[in-house]
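One-letter residues, chain by chain:
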Amino acid sequence: MNLTLKIWRQKDSKAKGQMVEYKVTDISEHMSFLEMMDVLNEGLVAKGEEPVAFDHDCREGICGMCSLQINGEAHGPDRGITTCQLHMRMFNDGDTIVIEPWRAAAFPVIKDLIVDRTAFERIQQAGGYISINTSGNTQDANAIPISKEAADKAMDAATCIGCGACVAACKNASAMLFTSAKVSQFALLPQGRVEATERVMNMVKQMDLEGFGNCTNTGACEIECPKGISLENIARMNREYLAASLAKS
Amino acid sequence: MSGLIKSSIARKVAMALSALFLIIFLLLHFSVNFISIFSEDAFNEASHFMGTNPLVQFLMQPILILGVVFHFVMGFVLEAKNKASRPVKYSKYNGGASASWMSRNMLVSGAVILAFLGLHFYDFWVHEMTVKYVEGDMSGVIPGTEHLRYYEEMHAKFADLWRVIFYCVGFALLSLHLLHGFQSAFQSIGVRKFRNAIVKLGNIYAIVIPLGFIFIALFHFITQ
Ligand code: HEM
Ligand code: FES
Chain C
3 MNLTLKIWRQ
13 KDSKAKGQMV
23 EYKVTDISEH
33 MSFLEMMDVL
43 NEGLVAKGEE
53 PVAFDHDCRE
63 GICGMCSLQI
73 NGEAHGPDRG
83 ITTCQLHMRM
93 FNDGDTIVIE
103 PWRAAAFPVI
113 KDLIVDRTAF
123 ERIQQAGGYI
133 SINTSGNTQD
143 ANAIPISKEA
153 ADKAMDAATC
163 IGCGACVAAC
173 KNASAMLFTS
183 AKVSQFALLP
193 QGRVEATERV
203 MNMVKQMDLE
213 GFGNCTNTGA
223 CEIECPKGIS
233 LENIARMNRE
243 YLAASLAKS
Chain U
1155 MSGLIKSSIA
1165 RKVAMALSAL
1175 FLIIFLLLHF
1185 SVNFISIFSE
1195 DAFNEASHFM
1205 GTNPLVQFLM
1215 QPILILGVVF
1225 HFVMGFVLEA
1235 KNKASRPVKY
1245 SKYNGGASAS
1255 WMSRNMLVSG
1265 AVILAFLGLH
1275 FYDFWVHEMT
1285 VKYVEGDMSG
1295 VIPGTEHLRY
1305 YEEMHAKFAD
1315 LWRVIFYCVG
1325 FALLSLHLLH
1335 GFQSAFQSIG
1345 VRKFRNAIVK
1355 LGNIYAIVIP
1365 LGFIFIALFH
1375 FITQ
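Chains C and U, in that order, are what the protein sequence lines are.
Everything in the first sequence is counted per the numbering used here, starting at 3 for the first residue and increasing by one.
Everything in the second sequence is counted per the numbering used here, starting at 1155 for the first residue and increasing by one.
Keep in mind the hints are simulated off the structure, nothing from the lab.
Possibly wrong hints are sitting among the right ones.
As the list claims (entries may be wrong) - In silico SDA-like links for lysine to any residue, alpha-carbon gap of 25 Å or less:
hint, chain 1, residue 1, chain 2, residue 2
1, U, K1243, C, A143
2, U, K1246, C, N73
3, U, K1243, C, L7
As the list claims (entries may be wrong) - Rough simulated footprint, nothing fancy, chain U against chain C, three-plus residues with beta-carbon under 8 Å:
hint, segment
4, 22 to 30
5, 133 to 145
6, 207 to 214
Backbone N, C-alpha and C define an ideal beta-carbon position, used for all residues, glycine too.
Sequences and hints are given; from them, build the entire structure.
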């Protein structure tokens, strides 16, 4: 199929960017979206032009590096997948596809479609860990009984790959789905309870410092999340936060 | 404790609590108004009680006013903060693909409700305050008679077609506000238990109560 692409081009973090139109031809519907982008870039390189910069790594939906706001949706029109797993069969011959970077004050553009997502790392560093030495002399995993339900919910929360689609999709650029997943994966387990109070306070504080917006519970994050992280996690984080604030006062 | 005042979650929880308070108040308000459908006297009695009881007047009324003001001021504050979190807009943003119109436009529905409240306060509250506390007439009767004035004054307001239309629009937007807001408030304070029941109850409340208010307005317009 033949497509028209409208892509955000921005030389570096300081440059003023703009939307630029490109044509790509003979795209197979079996290609992934990123393969289509590769075809575009090969053409640009052959013409001596600067290729479009975009993030990617594993290309199999597990690393969380790929991003892209495609036709106004995080990771494009399909559900439960990352951009690298989006197939061109989701589009039609002759379509115009608008491709933009994640937009958020806390995710500044580095170049073209690549944004700086280290804000997520700083939130994680503020408390997304347990201070137990887990290397070497680890005790048997079954020594601490954990209910199936808690284990499943913690595991579901832990599937978050930190891609930032929740922020991109949210009308408020809120990072509450990400932060709540990282809070929940520990809060649900006995090993995580030990530092639960400090964790939620510090992670939320960092989240606010980074300049993410507030949650309006629109649920867009949950729908656009490639891993289906549930809004239930945000409610849990709110509960944890309230309990922690009261415990600290 | 400072976290409870300055953090994003604290603001959300405060928003939700003020909203839940308004939801309870609205139910009470509806109950009193609904009496006007079947009994002029009972409505007069109820209005006179609400209008002269010191507990209602000097405790509940100030709390209510504070609650309303807090809610809409916080609504604007949150909106401003959220706008600042995305300084560069998307050239294409398909918000409708993943979230309802109601949830994305709480400020729009809220602003219409605020405009309605402006008229509503002008119509009833300012008048009541003037009669009772400026002119000092606490009797609640029509001068020269022994008849309570509330029903007649209220009924007369709904003679005006434009006012009735504005009331209907205001409540239609309140319905949209609550179709998202009711369950959202529970999510904000971290309640996920009975989720399905809360969503259902919220939908019922958000449709029945505003429709009820619209019905009352139309009733008084038609029975002029
Ligand atoms: C006076 C005008 C009003 C304005 C300007 C307004 C504005 C808003 C805004 C902007 C929000 C979304 C806040 C957010 O981003 O989380 C909101 C939430 C809400 N509002 Fe209002 N509102 C008004 C009146 C009312 C009234 C009269 C009620 C109920 C009877 C109400 C019930 C709610 C509820 C239940 C929520 C959800 C709270 C939450 O998500 O935690 N609002 N309002
Ligand atoms: S490139 Fe790893 S998830 Fe898409």
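Worksheet item: Which earlier hints turn out false for this structure, listed by number in ascending order?
Response: 1, 4, 5
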